[in-house]
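S.K.: Could you build the full structure based on these sequences and the hints that come with them?
Listed in order, the protein sequences are those of chains C and D.
The first sequence runs 1 to 306 under my numbering.
The second sequence runs 1 to 430 under my numbering.
Derived by calculation from the structure, the hints in this document are not laboratory data.
Be a bit skeptical, because a hint or two may be false.
Unchecked claim - Derived DEER-like restraints, expressed as beta-carbon distance ranges:
no., chain 1, residue 1, chain 2, residue 2, range
1, C, 203, D, 75, 49 to 59 Å
2, C, 203, D, 192, 31 to 41 Å
3, D, 327, C, 199, 19 to 29 Å
4, C, 12, D, 330, 34 to 44 Å
To be verified - Counterexamples of contact, computed for chain D against chain C with all Cβ distances above 12 Å:
no., residue
5, 197
6, 271
7, 276
8, 279
9, 412
Glycine included, C-beta positions come from ideal geometry on N, C-alpha and C.
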Amino acid sequence: MKHLLSINDLSEKDIYKIFDYASQFEEVLKRPIPVVPSLRGKTILTLFYEPSTRTQTSFTLAGKRLSCDVINFSFSTSSILKGESLLDTVKNILKMKVDGIIVRHSVAGVPHFLAHHLEKENIFVINAGDGINEHPTQALLDAYTIYKKFKDFNNLKILIIGDIKHSRVAHSDILIFKKLGCKVFVSCPYSFLPVEFEKMDVVYLPDFREKLSDFDCVIALRVQKERHNFSYLSSIREYHLLYGIKKEDLNKMKKNALLMHPGPVNWEVELSYEVLKDERCVILDQVFNGVAIRMAIIFLLFQEKL
Amino acid sequence: MKIENLPEYLLLKNGILIDLDKKEKREVDILIKEGKIEKISKGIEKKDKFIILDIKDCYIFPGLIDLHTHLRTPGREDEETIETGTKAAIAGGFTKICCLPNTEPPLDNESLITYLIAENKKYNYCDLYPIACATKRREGKEICDYYLLKKAGAVAISDDGAAISSSQVLRLVLEYSKTFDLPYFSHCEDKELAQGVINESFISYQLGLRGIPDISETIFAFRDVLIANYVKSKIHLCHISSKKTIQILRFLKENNYQFTCETAPHYFTLTEKDIKNYDTNYKVNPPLKKEEDKEEIKKALREGLIDAIASDHAPHLLAEKEQDFENAPFGIIGLETCFLLSYEELVLKGNLTIFELLEKFITNPAKILGIEINKIKENNEAEIVIFSPKEKYIYSEDKVVSKSKNTPFLNKEFSGRIKAVINKNKIFYF
Chain C
1 MKHLLSINDL
11 SEKDIYKIFD
21 YASQFEEVLK
31 RPIPVVPSLR
41 GKTILTLFYE
51 PSTRTQTSFT
61 LAGKRLSCDV
71 INFSFSTSSI
81 LKGESLLDTV
91 KNILKMKVDG
101 IIVRHSVAGV
111 PHFLAHHLEK
121 ENIFVINAGD
131 GINEHPTQAL
141 LDAYTIYKKF
151 KDFNNLKILI
161 IGDIKHSRVA
171 HSDILIFKKL
181 GCKVFVSCPY
191 SFLPVEFEKM
201 DVVYLPDFRE
211 KLSDFDCVIA
221 LRVQKERHNF
231 SYLSSIREYH
241 LLYGIKKEDL
251 NKMKKNALLM
261 HPGPVNWEVE
271 LSYEVLKDER
281 CVILDQVFNG
291 VAIRMAIIFL
301 LFQEKL
Chain D
1 MKIENLPEYL
11 LLKNGILIDL
21 DKKEKREVDI
31 LIKEGKIEKI
41 SKGIEKKDKF
51 IILDIKDCYI
61 FPGLIDLHTH
71 LRTPGREDEE
81 TIETGTKAAI
91 AGGFTKICCL
101 PNTEPPLDNE
111 SLITYLIAEN
121 KKYNYCDLYP
131 IACATKRREG
141 KEICDYYLLK
151 KAGAVAISDD
161 GAAISSSQVL
171 RLVLEYSKTF
181 DLPYFSHCED
191 KELAQGVINE
201 SFISYQLGLR
211 GIPDISETIF
221 AFRDVLIANY
231 VKSKIHLCHI
241 SSKKTIQILR
251 FLKENNYQFT
261 CETAPHYFTL
271 TEKDIKNYDT
281 NYKVNPPLKK
291 EEDKEEIKKA
301 LREGLIDAIA
311 SDHAPHLLAE
321 KEQDFENAPF
331 GIIGLETCFL
341 LSYEELVLKG
351 NLTIFELLEK
361 FITNPAKILG
371 IEINKIKENN
381 EAEIVIFSPK
391 EKYIYSEDKV
401 VSKSKNTPFL
411 NKEFSGRIKA
421 VINKNKIFYF
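M.R.: Spelled out as structure tokens, the structure:
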């Protein structure tokens, strides 16, 4: 595999290989000097057309921990503001001799577009989130977080709560969990469900609280107000009431369940602040695992082992 | 493409004339003298001064009429000009085309209509019938001067690309246009609902692209026909693409509502499943839909519910199309492939006879526009398409006549080929 654009690009074997490498890189990250010289002399570029803190930092650190030179492209200082086209940007990047591009864009398909135009070059493209389409590395780190806890995905029941229609995390998560053999449930108002959602092969729960004790993992998604042209919700207050995870919900959850969130969290919207203290809440572990997963992906793409 | 003036005498030998009135095919020779059809008969004797063109096994029929072309003039001559657009029309077998008014500036005054007609006469490859704006600047607010527009040469009115959202304004448009017997060409799309780039479905979810629900077309098609029938005005629905719209139109037809409608070949040859790798050559408006929509369109063509097939020729620069799917413009070129695709999908696959197909391309469009067909008969000017139904033809990039090359059908092998077109005392070879 040359690029990582979608979870669909990965076989089950690829996913476990990434986990295997991530667990080795976790060891590196726990060292006093958490760096290995594997990719010395290589250069990657993070091309983020959308604001990002954790993903861009996570990729930057992942690259640097592998001794790779990482150049961060910032939208606010780029020629995009002067009207440069995406293709012109790519052509310029090519001349600068980078080895890999990590791209985030508000439009679905932009990483595919870049990969298509770079097909003849020896440059990989990683999708770090494209519009409402996918966020494959987030799905990999989510799955890895679950894998570390359960070591087996078969018959795990996973509930995803939130804007399934507009969330790229939900899209990639559903793809990876189904690929790994989990049973996936979603809960949200109907305005957050894609049309023909029944083809997604997930179970829709209008009221997840009735079944909360069944789940091995609950993933709350951020309400992404910035992606909505319209008011998909009546109010944040009502959303929190119906779909926010509160302290009393934790009492209904399994003792060994996981509570996850891709971040950044809107406290008192998707989650009550109190739940952070619960040991089942692994939001910060997800962040740590993210660096290891991204190190594994970058490393494997350079080795052409995916 | 080679263009030559007709010789004094041109004898077309052994062609198969498609007689649309008698619905029969017959082998004939046609003698053309100084651009006029002198004689149609079997076995016309050769004379020394005759230039002979042997067209054995080729069909001969009158020039096709396109109800829906975007010529991009004025304003976007970088994408298409009158010269390149009308040449592309001829390459596709069209000798009469209507150009839509969503230009820059839009065709909302008579001077622009006059300009287009004068500009077309400079090249004189085919006849041009401009369609003027229904409302000023296509804003859907104030109606245009239909009397002056018609006098200048406009044959219909439309705000194509933008539906008139106010039902009251639409009513006024339809009432006022009736005064001058100008048909209204409706772009059926509820823009409030249609805020996306491809058909809303599981595929739009899989690709993460914003979807346009099919009902956005259906709702406005229904509304527009109701209003037009309420005020008893002529309405023509453009580029119908969905099964639901057809179901509603069938109901309206059964209840004696009056309207005409067209579809374009991509709606009965492609589906949303063809949108792979975010290729913007599949980004059209209305968007490509499902297999069941495609099949329903073919059924409606068979039933005669859909009156016409139009190209919806929409040229765009490579630089505009070669960008992300969201920001790339809607539309593909279609003049050169419109008839070939239709012949292959509809006639060769047994959906329509050649006579029924030509009704969609000639007889019905002429009725909708209220214009005469220049039939292939003695004493008429020669306006003839020579089509070889047995030849294979690959539509490669070097063969594209249009100034733009945005088409998903590049490098497709067609079963059938337009060999030549005779029009305006010229012969065009392909």
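S.K.: Could you check the hint for me, namely that residue 203 of chain C and residue 75 of chain D are 49 to 59 Å apart, CB to CB?
M.R.: holds (53 Å)
S.K.: At 12 Å, judged by beta carbons, does residue 279 of chain D keep clear of chain C as stated?
M.R.: Non-interface label on residue 279 of chain D violated, nearest chain C Cβ at 9 Å vs cutoff 12 Å.
S.K.: Measuring from beta carbon to beta carbon, are residue 12 of chain C and residue 330 of chain D in 34 to 44 Å?
M.R.: holds (39 Å)
S.K.: With respect to the beta-carbon atoms only, verify the hint that residue 327 of chain D and residue 199 of chain C lie 19 to 29 Å apart.
M.R.: The hint (19 to 29 Å, Cβ to Cβ) holds, given that residue 327 of chain D and residue 199 of chain C are roughly 28 Å apart.
S.K.: Does the beta carbon distance between residue 203 of chain C and residue 192 of chain D stay inside 31 to 41 Å, or does it fall outside?
M.R.: holds (32 Å)
S.K.: Mind verifying the non-interface call on residue 271 of chain D? Its CB should be farther than 12 Å from each CB in chain C.
M.R.: Given that every Cβ of chain C is farther than 12 Å from that of residue 271 of chain D, nearest at about 15 Å, it holds.
S.K.: Taking 12 Å as the cut and beta carbons as the points, is residue 276 of chain D off the interface with chain C?
M.R.: For residue 276 of chain D, whose nearest Cβ neighbour in chain C is about 10 Å away, the distance does not exceed 12 Å, so it is violated.
S.K.: Is the nearest Cβ of chain C still more than 12 Å from the Cβ of residue 197 of chain D?
M.R.: It is violated; residue 197 of chain D is separated from chain C by about 9 Å at its closest Cβ, not greater than 12 Å.
S.K.: Grab the minimum beta-carbon distance between residue 412 of chain D and chain C and tell me whether it stays above 12 Å.
M.R.: holds (20 Å)
When each numbered hint is compared with the structure, violations occur for hints 5, 7 and 8.
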